[in-house]
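Q: So the chains spell out like this:
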Amino acid sequence: MPLRLVFLGRLEDAAGMGATALDLPAPATLPEVLARLPAALAAALADPRLRLAVNGALLAADAKPLLADGDELAFLPPVSGG
Amino acid sequence: MACEASLAESAFDPSAEITRFTAAHALAGGIVSFIGQVRVGEGVEALELRHYAPLTLPGMVALAEATVTRWALDGLSIIHRSGVMLPGEPIVLVLAAARHRRDAFAAADYAMDHLKSESWFWKREKIAGIWRWIEPRAQDYADLARWDRSV
Chain A
620 MPLRLVFLGR LEDAAGMGAT ALDLPAPATL PEVLARLPAA LAAALADPRL
670 RLAVNGALLA ADAKPLLADG DELAFLPPVS GG
Chain B
116 MACEASLAES AFDPSAEITR FTAAHALAGG IVSFIGQVRV GEGVEALELR
166 HYAPLTLPGM VALAEATVTR WALDGLSIIH RSGVMLPGEP IVLVLAAARH
216 RRDAFAAADY AMDHLKSESW FWKREKIAGI WRWIEPRAQD YADLARWDRS
266 V
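Just so you know, the protein sequences line up as chains A and B, in that order.
Under our numbering, the first residue of the first sequence carries the number 620, and numbering increases by one thereafter.
Under our numbering, the first residue of the second sequence carries the number 116, and numbering increases by one thereafter.
Isolated chain B (complex conformation) (with noise of 0.2 Å):
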């Protein structure tokens, strides 16, 4: 089963990726495509998310890979950035094929929540030309305990 894993350092087309992905998924019945975002508004004019190289993308990989083994999928793509992004831009893509729907979205549920709060990046954000370091939310640690108890 295909999956892949890449970081991005610059700005990339949600569109054209899941554009590819769809034509390269054609036995699949459905496919769920989740984009995260830099949001317009609250002041933020900027937002950078920062990575260790030695552990970002092998951990990214290692994530695609348990996440095809636990759903029958026919495909997954994760794609996250690194670097400085400004409002609108995207952050992430997860891109979930199978033959059922069920299995897709579920996939790409369990992907955001391990990219959210397993995933080696420190991300930080500029209001009124002040950088400030986003701390891990509650809700994000909630999210990912959501799988320790369900299959």
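Extracted from the complex, chain A is given alone in its bound form (with noise of 0.2 Å):
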């Protein structure tokens, strides 16, 4: 199944890219998305101070998504605006 991979900020750096497609046998859970990226990107995706979206929806910081076919996840780290 396709899934859609979305880096944010120096994520964007980390990844190479903003965003990429994968696919998955499905359902995919979190571990089975980083073992198929980059080890350099899956480290930098491991950082607990990240927070995770599917489809645009933010998740609690201890969930464990299980992904389905088409779903969006997006990478977010710590914000700085203003």
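Keep in mind the hints are simulated off the structure, nothing from the lab.
Treat the hints with care, as some may be off.
To be verified - These stretches of chain B come out as covered by chain A in the derived footprint (C-beta under 8 Å, 3 or more residues):
{"hint": "1", "stretch": "163-172"}
{"hint": "2", "stretch": "228-236"}
{"hint": "3", "stretch": "240-253"}
Idealized CB from N, CA, C, for every residue including glycine.
Work from the hints to combine the two standalone chains into their complex.
A: Written out as structure tokens, the structure reads:
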């Protein structure tokens, strides 16, 4: 099934892109997603300060999402606005 | 009570917004405005704010609604830029109108602390041609925490 990954802030530099597509068997867990990514990027995405959003909905800090067909998973580092 | 939040994808004119807002709140005894701008100097050539559309504007709207519930306001307006800005350009504008000034000052302060540390923006700056992401400062979190222990 196709998934879309979105990398915000400095994660865009770690990923070398703002977003990417991934194909995984359904349903997929976060560890399964990370296992498919380059080790350095997977390490950056394991930062406990990151928050996750699935299809634009923010997840609880300790959530363990089960991703479905077509889901968009966004990795959100600490924010810095204003 | 009227509150509005918007995400500006290109440069906006704070003076024009203040004029419009002031005219719309003739009954308010006081209007507080806060403008955040890209500072000139320190070698910063440009500033960029990125956002994540599904979260950023909805989060700003929720912040505006929380702010007007917390203080007695006649009106509140939040405008925040996204995209690339040059030194001297405005980044954010918060306007709070109230019958009495303390509510307006506190509301603008509250909204700004939450825009800096809780809203879905990521900031980077360009110095000597190199872009560098800005990490949130400890002071930003300390500013935010003030509101947890006060009314």
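Q: Does each hint hold? Answer for all of them.
A: Here is what the structure says about each hint:
1. Counting residues of the stretch 163-172 of chain B whose beta carbon lies closer than 8 Å to any beta carbon of chain A gives 6, which meets the minimum of three for the stated coverage.
2. A count of 7 residues in the stretch 228-236 of chain B with a Cβ less than 8 Å from any Cβ of chain A is obtained; the coverage claim is therefore met, three being the minimum.
3. Under the rule that three or more residues need a Cβ within less than 8 Å of chain A, the assignment of the stretch 240-253 of chain B holds, with 4 such residues.
Of the numbered hints listed earlier, not one is contradicted by the structure.
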